[in-house]
Amino acid sequence: MLPLKNLLRRKARSLFAVLQIAVAIAAFVSIYGVTQGLRAQFYRIGQVFAYDLIVMRRGAPSPIFSTISPEQLEAVRAVEGVRAASALGIQFLAHPARPQPVGFVALEPGSELMSRYRIVRGRPLSPDDRDAVVVGRLMAEQLGVDLSALAPDGLRGDPPRLELVGWTCRVVGIFESPLEEVPFLSGMGIMPLKTYRETFGRPVNLVAAHLAPGRRALRIADVQEGLRLGRALAPRIDAAVPGLKANTIEDFLDGFKQVAIVDGFALAISLLAALVSVIGVTNTMLMSVFDRTKEIGLLRAVGWSRWRILRVIEAEGAILSLAGGALGIPIGLGLIRASSLVLEGGWLEVRLDLRIYAAAVGVAVFIGLLGSFYPAARAAALQPTEALRYE
Amino acid sequence: MNGTERAPAGELAVRAEDVVKHYDGGLVQALRGVHFSVHRGEMVAITGPSGSGKTTLLHLIGALDRPTSGRLEVLGRDLAHVRDLDALRGRELGFVFQLHYLIPNLTLRENVLLPTVPLRLPRTERRRKAAELLERVGLGHRVDFLPVKCSGGERQRAAVARALVNDPELLLADEPTGSVDSETGARILDLFSSLRDERGTTVIVITHNPEVAARCDRSLRIVDGRLLRPEGGEASE
Ligand SMILES: Nc1ncnc2c1ncn2[C@@H]1O[C@H](COP(=O)(O)OP(=O)(O)O)[C@@H](O)[C@H]1O
Ligand SMILES: [Mg+2]
Chain A
1416 MLPLKNLLRR KARSLFAVLQ IAVAIAAFVS IYGVTQGLRA QFYRIGQVFA YDLIVMRRGA
1476 PSPIFSTISP EQLEAVRAVE GVRAASALGI QFLAHPARPQ PVGFVALEPG SELMSRYRIV
1536 RGRPLSPDDR DAVVVGRLMA EQLGVDLSAL APDGLRGDPP RLELVGWTCR VVGIFESPLE
1596 EVPFLSGMGI MPLKTYRETF GRPVNLVAAH LAPGRRALRI ADVQEGLRLG RALAPRIDAA
1656 VPGLKANTIE DFLDGFKQVA IVDGFALAIS LLAALVSVIG VTNTMLMSVF DRTKEIGLLR
1716 AVGWSRWRIL RVIEAEGAIL SLAGGALGIP IGLGLIRASS LVLEGGWLEV RLDLRIYAAA
1776 VGVAVFIGLL GSFYPAARAA ALQPTEALRY E
Chain B
-18 MNGTERAPAG ELAVRAEDVV KHYDGGLVQA LRGVHFSVHR GEMVAITGPS GSGKTTLLHL
42 IGALDRPTSG RLEVLGRDLA HVRDLDALRG RELGFVFQLH YLIPNLTLRE NVLLPTVPLR
102 LPRTERRRKA AELLERVGLG HRVDFLPVKC SGGERQRAAV ARALVNDPEL LLADEPTGSV
162 DSETGARILD LFSSLRDERG TTVIVITHNP EVAARCDRSL RIVDGRLLRP EGGEASE
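Keeping their order, the protein sequence lines are chains A and B.
Under our numbering, residues 1416 to 1806 are what the first sequence spells out, in order.
Under our numbering, residues -18 to 218 are what the second sequence spells out, in order.
Looking at chain A on its own, in the form it has when it is part of the complex (with noise of 0.2 Å):
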């Protein structure tokens, strides 16, 4: 009663603090809201892809520009420790009525990476397949694919017709991306490896090499077991087959590195906000200590003891981050609504999940009871007499 009282006595005073904390408290809900959605996304393709190494050209700039022989790719399927292998081309080709290529990759039907696309509607890519492809859900909602004849349990009738810029196709199948929550991957679609090869002229761009085909990681210790194993492989791989290299997922994707520049960031811009609101806190609460001194040396003489003066100091901070919290969440999740409309939907995914809100309220009364420590201390350390006296 007597701390809410005394915060109400200043109102706009216990206002700032208030909007000091909840600024450092929108800033971690913000922060942490979008990195702990990195950090998700790639978990989850490290979950896919944690028993695969991804064999490359050695120095090729980006996967495009890589080419494997048939050979090497055959070099590669030797390696001990490797139990199957995947060939992968990828091709872009332009749409008639859009002003973007279409992206494929091309796989052979019935590899281990052609398998983790789950078909949704129609039926797979089969080994006769040549001017066939099977889309993802969120291509085919894109360039707006007839699914008349494309059934939850296979083809009814004939597929619809895609034409492209000097290739025209039938779609097969749909399929949904092997990551439901990173929907892009479904932005894409799937051509036979023999087509890609025979009509386009095209080489092998990538070998996915598979550790453990079939498994799926599904802890984080299963992704962080397959990357182990990989690390391991990876040079054998390099050894045996000169003029490519192997890489895990991590180093594949540089996003994973970046996850831990941008979680670090986070950690830090966390840290200054905390200790800004901190600062501000503790001034906020010594001014009204200072202000409130001959009360303080009056409840000493009618015998409150020190302890019970940091108590309510302390409680009158506690109250100031409470409030700082309950204003500062929804001001975090809103700045995450708002950016992520700048950003245009889909890629940023944002993870808020209870324990986030639970550390900001963390968060939020550490610093009302740090930022109020040394004030009520003061207030705790005073003499009564001279509080009494205090002009």
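Please keep in mind that the hints were generated in silico from the structure rather than gathered at the bench.
Where hints are given, some of them may not hold.
[Claimed, not checked] Computed beta-carbon distance windows for the label pairs:
(1) B:D205 / A:L1690: 20 to 26 Å
(2) B:A195 / A:R1726: 19 to 25 Å
(3) B:K130 / A:F1781: 56 to 62 Å
(4) A:L1686 / B:F126: 44 to 50 Å
(5) B:T49 / A:A1427: 43 to 49 Å
(6) A:G1777 / B:V129: 49 to 55 Å
(7) A:L1686 / B:E106: 30 to 36 Å
(8) B:D5 / A:M1702: 55 to 61 Å
(9) B:K130 / A:L1687: 42 to 48 Å
(10) A:M1702 / B:E116: 46 to 52 Å
(11) B:Y4 / A:G1777: 43 to 49 Å
(12) A:L1682 / B:L100: 43 to 49 Å
(13) B:D162 / A:M1702: 31 to 37 Å
Cβ atoms here follow ideal geometry from the backbone N, Cα and C, with glycine treated the same way.
Put chain B with the ligands on the given structure of chain A with help from the hints.
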């Protein structure tokens, strides 16, 4: 002291032996060896010029500060050996200062109840006590008012009610009538005398006002940190 244990029944409410108080490392000698005693149930005035050490002495008796040297017994206990001075002040002493020190954002009732907060009394009992005391000081109609809505005399009467809420054995008042009109002053003095008569409360009151001093059983006069006329049957310095 511990718990709700009351002071042991003794004859003396206050016994001061050679009490010295220096400030600023001896630069200010506020009390230069004060020796006196006050019996239980007595009403004693302390008089003396400004700056002579009256407030200092009252604060020492009230365990708000410790003497530089000398011995102080309050309600039968040597203050140097009381572990919980806060509890002693809260349960057995009542203070009235020249300024009311009411907390501006609390009502009169809430202000009066401040000394009861550490005691964990049942809420209904606390409210009843506050209402009763405010009634007694003539503020029955002001219970839920904030101090700003009250006159200076009313605020000081509320401060008196606050001093009495825990039924103190010893009431210490520092110029309680110094900043109020004479009617309020007389009223406060009436209340002190009746408490003394009804409950045997010991009252020590600092005053500049000869009328107030005249209503007390006797006066102690302090000049320049020393008692002028030692009284109470104790040996002088
Ligand atoms: N905290 C303090 N520090 C230094 N000097 C003080 C302090 N408190 C009181 N004094 C000095 O002690 C002397 C006695 O003061 P006080 O007890 O307030 O006198 P009175 O109440 O009789 O007017 C004065 O000279 C005063 O200035
Ligand atoms: Mg004085």
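Do the hints match the structure? See the list:
Separation of D205 (chain B) from L1690 (chain A) is about 53 Å and departs from the stated range, judged on CB atoms against 20 to 26 Å. Between A195 (chain B) and R1726 (chain A) the C-beta distance comes to about 45 Å, which lies outside the given range of 19 to 25 Å. Taking the beta carbon of each, K130 (chain B) and F1781 (chain A) are about 40 Å apart, not inside 56 to 62 Å as hinted. For L1686 (chain A) and F126 (chain B), the Cβ-Cβ distance of about 48 Å falls inside the hinted range of 44 to 50 Å, so the restraint holds.
Checked against the hint of 43 to 49 Å, the C-beta distance between T49 (chain B) and A1427 (chain A) comes to roughly 44 Å, which is consistent with it. Separation of G1777 (chain A) from V129 (chain B) is about 40 Å and departs from the stated range, judged on CB atoms against 49 to 55 Å. At about 50 Å, the beta-carbon gap between L1686 (chain A) and E106 (chain B) misses the expected band of 30 to 36 Å. Under the hint 55 to 61 Å, the C-beta atoms of D5 (chain B) and M1702 (chain A), about 27 Å apart, miss the expected range.
K130 (chain B) and L1687 (chain A) have their C-beta atoms about 46 Å apart, which keeps the hinted 42 to 48 Å range intact. In this structure, M1702 (chain A) and E116 (chain B) break the distance hint of 46 to 52 Å, their C-beta atoms being roughly 38 Å apart. For Y4 (chain B) paired with G1777 (chain A), a C-beta distance near 46 Å keeps the hint of 43 to 49 Å intact. At about 47 Å, the beta-carbon gap between L1682 (chain A) and L100 (chain B) stays in the expected band of 43 to 49 Å.
Between D162 (chain B) and M1702 (chain A) the beta carbons are some 35 Å apart, a value that agrees with the proposed interval 31 to 37 Å.
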